[in-house]
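Colleague: Sequence:
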Amino acid sequence: MPVFNWVALKPNQINGTVFNEIDDERILEDLNVDEFEEIFKTKAQGPAMDLTSSKQKIPQKGSNKVTLLDANRAKNLAITLRKAGKTADEICKAIHVFDLKTLPVDFVECLMRFLPTENEVKVLRLYERERKPLENLSDEDRFMMQFSKIERLMQKMTIMAFIGNFAESIQMLTPQLHAIIAASVSIKSSQKLKKILEIILALGNYMNSSKRGAVYGFKLQSLDLLLETKSTDRKQTLLHYISNVVKDKYQHVALFYNELHYVEKAAAGTAPSSALQDGVLLAHPARSAFPCCFPVSLENVLLDVKELQRGLELTKREYTMHDHNTMLKDFIQSNEGKLKKLQDDAKIAQDAFDDAVKYFGENPKTTPPSVFFPVFVRFVKAYK
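Residues in the sequence shown are numbered consecutively from 35, following the numbering used here.
Derived by calculation from the structure, the hints in this document are not laboratory data. Glycine included, every Cβ here is placed at the ideal spot set by N, Cα and C. One thing to keep in mind: the hints can contain errors.
What the hints assert, rightly or not - Straight-line alpha carbon distances no greater than 27 Å define the calculated DSS-like cross-link-like pairs of lysine-lysine that follow:
(1) Lys299 with Lys392
(2) Lys228 with Lys418
(3) Lys375 with Lys415
(4) Lys222 with Lys381
(5) Lys374 with Lys350
(6) Lys363 with Lys222
(7) Lys281 with Lys226
(8) Lys222 with Lys281
(9) Lys363 with Lys229
(10) Lys418 with Lys226
(11) Lys399 with Lys381
(12) Lys381 with Lys350
(13) Lys245 with Lys222
(14) Lys363 with Lys183
(15) Lys228 with Lys392
(16) Lys375 with Lys392
(17) Lys415 with Lys264
(18) Lys299 with Lys127
(19) Lys283 with Lys226
(20) Lys418 with Lys374
(21) Lys375 with Lys350
(22) Lys399 with Lys375
(23) Lys156 with Lys166
(24) Lys418 with Lys253
(25) Lys418 with Lys264
(26) Lys222 with Lys418
(27) Lys269 with Lys281
(28) Lys245 with Lys264
(29) Lys269 with Lys253
(30) Lys375 with Lys363
Said to hold, decoys possible - Derived Cβ-Cβ restraints for the label pairs, each shown as a range:
(31) Asn359 with His212: 30 to 38 Å
(32) Glu164 with Asp357: 35 to 43 Å
(33) Glu347 with Lys283: 19 to 27 Å
(34) Tyr240 with Asp385: 31 to 39 Å
(35) Lys399 with His212: 43 to 51 Å
(36) Val279 with Thr400: 28 to 36 Å
(37) Glu202 with Ala105: 29 to 37 Å
(38) Lys245 with Lys418: 50 to 58 Å
(39) Lys245 with Lys399: 18 to 26 Å
(40) Lys283 with Lys374: 45 to 53 Å
Could you build all of it, start to finish, from the sequences and the hints given here?
Modeller: Here it is in structure tokens:
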């Protein structure tokens, strides 16, 4: 759901105010919260969860429970736990066995914000060593006590997020790679485009013959200048003249742009890259915008593919410690080949793009897809 940017009162400011006399949880029991979540949910959010069935309740105001966690963090944790509708035992057991049916990936990602800090673990362990009664702790503290005892907690939750997001990660990256491959190959192999560039070179050299020597080629950015170079009466651009020449003398290449495939898609990707860490999609806002258009950074796409590989390696290492876990085994067996295919596509995309860029006299290191392909998109649009 979107954030409601209110200014919150601090816990020590509640006493004596109207908020000390009201019960917001009672209101939730009266309302159709499923409908509320459905209306206000973000695109990246999963189905509305049952808020009223949760056994994790926010402590009542004025409660005598001991709170070891930061008050604001405890409040946010309580809200997160309530959305799950699960007990602490159920949540922790699901994490132990990587159960994404019990814990949706959206919830796992939310819960990752509450991985216990070193200081929190220290405070919780001290409370235990002093043999103070656990029942005196708030629900959130008791959850954190149990949560913090899960072996390799961060690794397990990272793997759950990786597995839960793997299909979407593949779906996000594959079209970008395929677009780069198709666009690179079609631009390089187009004989009609080559003829158009030949015409431009000839006319450009002729225009410059009295002031400059002839050149053997030109930078692609020069194509943008065709619209800026105008006739004496200012009524016609050089591109307009070239278009007429093509129609009169070279009709067979007039529709050269039909040989250029997926160039627009390669010029604008389907999601921002560099959104992965250990193979986990990090930016929900970006995912909710899928499939919006963002410039493709081949370098970032390749980095994302490497992050997926790291995520799979992390999963494999964990599986060696849980060889009885069929969920991890099935995931690895089902998706290892998909990642290998993505890695192969990434290599092909890199090679095809480098070849195309060099073919047009540019440097792949300084001319990324977000610069290379839009030149052709603008040229074709202006030519038409």
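Colleague: Lys222 and Lys381 were given as a pair; does the straight-line alpha-carbon distance stay at or below 27 Å?
Modeller: 18 Å, holds
Colleague: Between Lys418 and Lys226, is the straight-line Cα distance small enough, at 27 Å or below?
Modeller: Judged against 27 Å, a Cα distance of about 15 Å means the pair holds.
Colleague: Has the hinted range 29 to 37 Å been met by the Cβ atoms of Glu202 and Ala105?
Modeller: 35 Å, holds
Colleague: Holds or violated: are the alpha carbons of Lys415 and Lys264 at most 27 Å from each other?
Modeller: 18 Å, holds
Colleague: If you draw a straight line from the CA of Lys228 to the CA of Lys418, is it 27 Å or shorter?
Modeller: 17 Å, holds
Colleague: For the pair supplied as a hint, Lys375 and Lys392, confirm whether the alpha-carbon distance does not exceed 27 Å.
Modeller: 26 Å, holds
Colleague: Holds or violated: the 18 to 26 Å window for the beta-carbon distance between Lys245 and Lys399?
Modeller: 33 Å, violated
Colleague: Hinted pair, alpha-carbon criterion (27 Å max): Lys222, Lys281. Please report holds or violated.
Modeller: Roughly 23 Å between the alpha carbons, so the hint for Lys222 and Lys281 holds.
Colleague: For the pair supplied as a hint, Lys375 and Lys415, confirm whether the alpha-carbon distance does not exceed 27 Å.
Modeller: 34 Å, violated
Colleague: With the threshold set at 27 Å, check whether the alpha-carbon distance from Lys375 to Lys363 stays at or below it.
Modeller: Roughly 19 Å between the alpha carbons, so the hint for Lys375 and Lys363 holds.
Colleague: Would the pair Lys375 and Lys350 pass a check requiring their Cα atoms to be no farther apart than 27 Å?
Modeller: 18 Å, holds
Colleague: Between Lys399 and Lys375, is the straight-line Cα distance small enough, at 27 Å or below?
Modeller: 25 Å, holds
Consistency note: the structure conflicts with the earlier hints numbered 3, 6, 9, 13, 18, 20, 33, 35, 38 and 39.
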